[in-house]
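Student: The primary structure of each chain is shown beneath.
Protein chains: 4
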Amino acid sequence: MSAPKKVVLAYSGGLDTSIILKWLQTEYGCEVVTFTADLGQGEELEPAREKALMLGIKPENIYIEDLREEFVRDYVNPMFRANAQYEGLYLLGTSIARPLISKRLIEIAEATGADAVAHGATGKGNDQVRFELAAYALNPDIKVIAPWREWDLTSRTKLIDFAEKNQIPIAKDKRGEAPFSVDANLLHTSSEGKVLEDPAVDAPDYVYQRTVHPEDAPNEPEYIEIGFEKGDAVSINGQAVNAAEMLTQLNEYGRKHGIGRLDLVEGRFVGMKSRGIYETPGGTILLEAHRGIESITMDRGAMHLKDQLMPQYAELIYNGFWFSPERDMLQAAIDKSQEYVTGTVRLKLYKGLARTVGRWSDYSLYSEEHVTFEDDAGAYDQKDAAGFIKLNALRLRLLAMRDKRQR
Amino acid sequence: MSAPKKVVLAYSGGLDTSIILKWLQTEYGCEVVTFTADLGQGEELEPAREKALMLGIKPENIYIEDLREEFVRDYVNPMFRANAQYEGLYLLGTSIARPLISKRLIEIAEATGADAVAHGATGKGNDQVRFELAAYALNPDIKVIAPWREWDLTSRTKLIDFAEKNQIPIAKDKRGEAPFSVDANLLHTSSEGKVLEDPAVDAPDYVYQRTVHPEDAPNEPEYIEIGFEKGDAVSINGQAVNAAEMLTQLNEYGRKHGIGRLDLVEGRFVGMKSRGIYETPGGTILLEAHRGIESITMDRGAMHLKDQLMPQYAELIYNGFWFSPERDMLQAAIDKSQEYVTGTVRLKLYKGLARTVGRWSDYSLYSEEHVTFEDDAGAYDQKDAAGFIKLNALRLRLLAMRDKRQR
Amino acid sequence: MSAPKKVVLAYSGGLDTSIILKWLQTEYGCEVVTFTADLGQGEELEPAREKALMLGIKPENIYIEDLREEFVRDYVNPMFRANAQYEGLYLLGTSIARPLISKRLIEIAEATGADAVAHGATGKGNDQVRFELAAYALNPDIKVIAPWREWDLTSRTKLIDFAEKNQIPIAKDKRGEAPFSVDANLLHTSSEGKVLEDPAVDAPDYVYQRTVHPEDAPNEPEYIEIGFEKGDAVSINGQAVNAAEMLTQLNEYGRKHGIGRLDLVEGRFVGMKSRGIYETPGGTILLEAHRGIESITMDRGAMHLKDQLMPQYAELIYNGFWFSPERDMLQAAIDKSQEYVTGTVRLKLYKGLARTVGRWSDYSLYSEEHVTFEDDAGAYDQKDAAGFIKLNALRLRLLAMRDKRQR
Amino acid sequence: MSAPKKVVLAYSGGLDTSIILKWLQTEYGCEVVTFTADLGQGEELEPAREKALMLGIKPENIYIEDLREEFVRDYVNPMFRANAQYEGLYLLGTSIARPLISKRLIEIAEATGADAVAHGATGKGNDQVRFELAAYALNPDIKVIAPWREWDLTSRTKLIDFAEKNQIPIAKDKRGEAPFSVDANLLHTSSEGKVLEDPAVDAPDYVYQRTVHPEDAPNEPEYIEIGFEKGDAVSINGQAVNAAEMLTQLNEYGRKHGIGRLDLVEGRFVGMKSRGIYETPGGTILLEAHRGIESITMDRGAMHLKDQLMPQYAELIYNGFWFSPERDMLQAAIDKSQEYVTGTVRLKLYKGLARTVGRWSDYSLYSEEHVTFEDDAGAYDQKDAAGFIKLNALRLRLLAMRDKRQR
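Residue numbers (full-length UniProt numbering), protein chains in the order written: chain D, 1 to 407; chain W, 1 to 407; chain P, 1 to 407; chain A, 1 to 407.
It should be emphasised that the hints constitute simulated quantities derived from the structure, not laboratory data. Some clues are possibly wrong.
Since copy identity is lost for identical chains, a pair holds within one copy or between any two.
What the hints assert, rightly or not - Pairs of lysine-lysine, DSSO-like flavour, derived with a Cα cap of 27 Å:
id	residue 1	residue 2
1	K336	K230
2	K230	K172
3	K383	K6
4	K383	K22
5	K383	K172
6	K336	K103
7	K336	K404
8	K383	K58
9	K230	K404
10	K336	K174
11	K172	K256
12	K230	K58
13	K256	K22
Sequences and hints are given; from them, build the entire structure.
Tutor: Laid out in structure tokens, this is it:
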């Protein structure tokens, strides 16, 4: 790889990415463009601008954007149409944010004539893979710089030294090692590393930042109604809201009731297992509600096929293949299945649990006429079941006859 | 089908199966053998013997058996190795009991020289399919009698009339229609019909019989440790217990903490959707714990394959194909995956929720050495990630080059 | 089911469907509308009109249509995009024609105010299921009449008697039993029954009607080039042709070179196995060519996913679920994968075999630059492979470490 | 990686691996153990011994083994039970040989106290991945040396120079570049590179080495009968033979009749597409025969599940994951399905094509009694089909009712 001339850096404004910024300038002598996005991580973005200016970035090279609506509308919502859960449990909160960041990095690279992008993910995790696969999928000629895999700043001490030498301001609480590492966006907060590294040991209470402890949640349940259109949540208690606002409100409900905590050991794409604490308050409610509205509006054949495809779909997102032909194929199938997933779900929220307790829809496939224990006025002829069973059993009977013959 | 001469009836001792018993005698003039099983439904079995005697069954034709251990060991446990959930949520509590009942019906038919079996499932549900597919798979020549699909006792009034005419005792509370219908065994209690038929309306509190309301559960969480061997739960808080005892104890924990309630609309195999209230207290804890122990002992490749196979496996059980070559194939794959699923999981039980908070195993694949944020002493070379990503990206880059060429 | 008043019959003009026509008139006293379609079965349609008139059908109740283009464009081509083969081998020639016939039956029923449709498929086969599932999927209230399941004309003698009593003309060669039964359309000819019923015995030579014996095919190979656009064959040796014409020409190539014979035992949806002789001359060439063009234009990830979905897709079509939400989902995924399946394939045809020998495309993903044994000018860095392998191996090494620890 | 002390080299005796041998000695100064295996590639092994001795290898460090029986019995046969074809067509002839070679490399390393293994695969292909994944899966601490990824002998001239400088004898025809590269074993011969690099251009006739041209094959077809036991071929024309002999004989039949040629563009695991010419004479016959015996002995449900799993199974083998938990899981399922795949298949071999024309088995599930067009004496009640269809259609009708309601 020849040396980059101009690089777009995914820049949070924090100490680590500030060090990267400076390192890119000193190591490669290249012009740096910073990109700072609001994905709902709950941090002010303007300080990032000031810090970038202070580190010598030209004003026209500073990009700060609110991507919350795009994030939920074009990434989170399509993923929830699939009820995606990695390894049965993880709602992919970090995974789903990476492709959007990469997409903007590439677009800004094209707009500013940059030939490279850079990110602050380490060489042991999944995020490097997600950033880079997305980047290459969108621009096959882009250079990608992953300082954590390249530099020799391999200890906290060396990083702090570098920062000091380069006049990068260091917040007091950043001098030492953090007791664990955090990633957050509108969908979730994940925590991992250090105090969490022994999977036998309970996560300390202070790790949870996004939800109240279920023990501290209200003693009374709360009921909400979520309206769906074509598989996406569009209203809450009868109020239409946009995608980001929907997730924001659900997050607040989830936070308050202690919903969406997950303590998980998962298999990383790079090959080792890691332990994470995930808080996905709104997403956990959304998953339950989406399953609820599907249950009355979606055909059994379609649902079972979708359930069967889901693990591969979730794996693709986890592994960083959002921009891939096979994810596109699965998305086409999934979206097709959501055409009539429209209606309303009633949920009970209480002490860590969100549970569907009612659902209704103009597109319901539930037929009280057919299912009733009462007289169904001929809607269903019970005698049909005899033939249905007989022919479903035929191959099993032929197998049993063979067994008998062989005895 | 020629008339049956001797029929083995799945007999609960209740009003409905007593009517069936008498109907078989009068309609077909055939000898009846009764089979009453304890699957943990929580009812005394001896009254069934007395009632059968009273209805003219010969003592040697009355079979009463405790199948709880066999049920959990050979049916529930293999199924939980798969983390089976039908339509994403249902733990298959009714489905998994049917094949065992059919197996004993067929064995008793062979032992007593009966040429037919009979069951009390209706023509609208899944259970008739499950009973009959299992029966035919085990004996291709057996006759199956399903009175509900055949007779003209199509209303409560006609049933009561028939009972009265035939001196079948009728408990007071059985004269009218039950407000909903119940099925129970050691794994779960399901309720459906009547007051539950409108899926938009919350299930009344009195429907729940197996678990306390989460609101009434203890205000303090409780922690338990479940030990696993090759995928099956074998000890609780350090005490080894057999399969049935394990589930019994987990049920008690679940009951107390209000765990395992599910309000579901599901797609029946016979084609319509139905709404059920399921309570699976111990099973819900078991699923969470099993996922927990798998998370550190099971390889990623194996787990993802198993997750992908699960929906079909669950569908097979739901649809009644327990005794089928394809379920055997999936079971062989699943069992293979469980060879090292051995270790211990720590769970927190609180107000309706069971959550893994720790797990450890001699067979753990979790390597703190590899995953650590600290210096890993060379266990993992971060530079390897660059090549890993580059080659995973190659096909995506070739796609992007094509797109570029076509623009 | 109440008696039908007006019924649309899938009418071939042959003896069997003429008997059905008359039986519908006499048994139900209902008005009959006949529908005769040209799907490329190679028979004149006008005699069917005359025969229908002779049997008392009103001229306005006689529908005769050439559906060949629609058949190939909307049914055969979408199916070939999937490379669909049932049980690994069968190209679904009969299965794919049924939904189109049902669709027109239902449309004609709606146009003529008929409340029922009727078909001539027997109660043992798959076709009854395909006709009826499609009919019900398109009109939930339609009545379906399947005379072969209802009437008592259960022997050849009774049928001939009925025909004679009702003045239905009987061709000489139809008096006795045919030595086997045939179904044909533009995609294939299938033969089954009677002389073919012992699967151990070779099919007699005279069964094959659509292709020359490979031994009698030309001694010189012939080469053809097939052009594709978005997964569909659109030109042959440089000449653009429409869908039906394409298959017609490929059939002629296949016939001449003895291509597309298949002697198969297959599992029917109704539960038993049957043996069929299939001749699919053009389709066999088309499958090979489609695989060929996909091989250079389709991404590996997309192709592997499609291959994995194919068996279920083929099963859906075989079982009669063309008009189902899950087939729609799979089709959406498959069609998505075909966007760039555009280019040309060169095939060698010789003595029963069609084999791809060359392929090229503007959308090719094959990169000589990357794959070359020669110097690749840096397109691919062989050192990347080391990291790629190392990280793919990591989980396997962790497994091996566990094994070692346990020894 | 610290320097290796003793390395086991997969050694063919040819020029390239002789250069590697010498390079290992000079580059690493390490002791070399050679391993030369007969996998049916059709070359004498003793010359490899002499050459190794000549290059200074101690006699006790030279391992020469005939692995043909183990290769077919433990690798080829299990794979054929799955009907494995990569990307729909490739019979995995190279892929399946690699894990066995690696297994022996690792075993010899353990026996000789070697700390490393080495192979002669390049950095662009799949074989490096297969060798190394298998090695790491069997010994997590082994060092793997892949000289082609490391050295600077990047052109034919440099290689020849190195050979000359090191007194490695060079056969005359090895001085120049070969027009294509070949790999062979008992299952297949593959050819790729150079004259084959343009996938639009037909492979020259001289590339095919393992089969006669179909045009030159006998003008008369030949019939053979292959006997199977539990999914493996065990006899030919009534003669029992061992696994290697079976494949050897089938190869001779295939060679003679020009069977098993494949011209393929495939997606490599390392990310690019490559074009190969494969000749798999015996394997092509075996696949057809295995499908044939399965067709009458295997249940539909089992077969469809197996077909659905096959693409992933084939991909695992292609990608080098033979020794992985997920391959073990799939193998367990596949082997389970083969318990009754026992019987005989009759095939017609003619001019490039092997076609099943008859099959029989004591374990046949084909029931002439059920399928017959003649009177079946009540084995099958055609009226059952009505109920079967009605209930299969119910969900489709409920969908259609919804559509109607919405219009």
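Student: Hint by hint, say whether it matches the structure.
Tutor: Going through the hints against the structure:
1. Taking identical chains as interchangeable, the C-alpha atoms of K336 and K230 lie at most 27 Å apart whether they share a chain (9 Å) or sit on different chains (20 Å).
2. Neither within a single protomer nor between protomers do K230 and K172 lie at most 27 Å apart by alpha-carbon distance, with minima of 49 Å and 49 Å respectively.
3. Proximity of K383 to K6 under the C-alpha cut-off of 27 Å is restricted to the inter-copy arrangement: shortest distance 23 Å between copies versus 75 Å within a copy.
4. Within a single copy, K383 and K22 get their C-alpha atoms only as close as 78 Å, which misses the 27 Å cut-off; across copies the closest is 22 Å, which meets it.
5. Proximity of K383 and K172 under a CA criterion of 27 Å is satisfied in neither setting, with 77 Å inside one chain copy and 32 Å between copies.
6. For a Cα distance limit of 27 Å, the shortest separation of K336 from K103 qualifies both inside one copy, at 25 Å, and across copies, at 22 Å.
7. In this homomeric assembly, K336 and K404 come within 27 Å of each other (Cα to Cα) only across copies, at 19 Å, whereas the closest approach inside a single copy is 46 Å.
8. In this homomeric assembly, K383 and K58 never come within 27 Å of each other (Cα to Cα): the closest approach is 79 Å inside a single copy and 32 Å across copies.
9. In the homo-oligomer, the alpha carbons of K230 and K404 lie at most 27 Å apart only across protomers (18 Å), although the nearest pairing inside one protomer, at 52 Å, exceeds that limit.
10. When the C-alpha separation of K336 and K174 is checked against a cutoff of 27 Å, the pair qualifies neither within a copy, at 48 Å, nor between copies, at 48 Å.
11. Proximity of K172 to K256 under the C-alpha cut-off of 27 Å is found in neither arrangement, the shortest distances being 31 Å within a copy and 48 Å between copies.
12. In this homomeric assembly, K230 and K58 never come within 27 Å of each other (Cα to Cα): the closest approach is 44 Å inside a single copy and 47 Å across copies.
13. Proximity of K256 to K22 under the C-alpha cut-off of 27 Å is found in neither arrangement, the shortest distances being 41 Å within a copy and 58 Å between copies.
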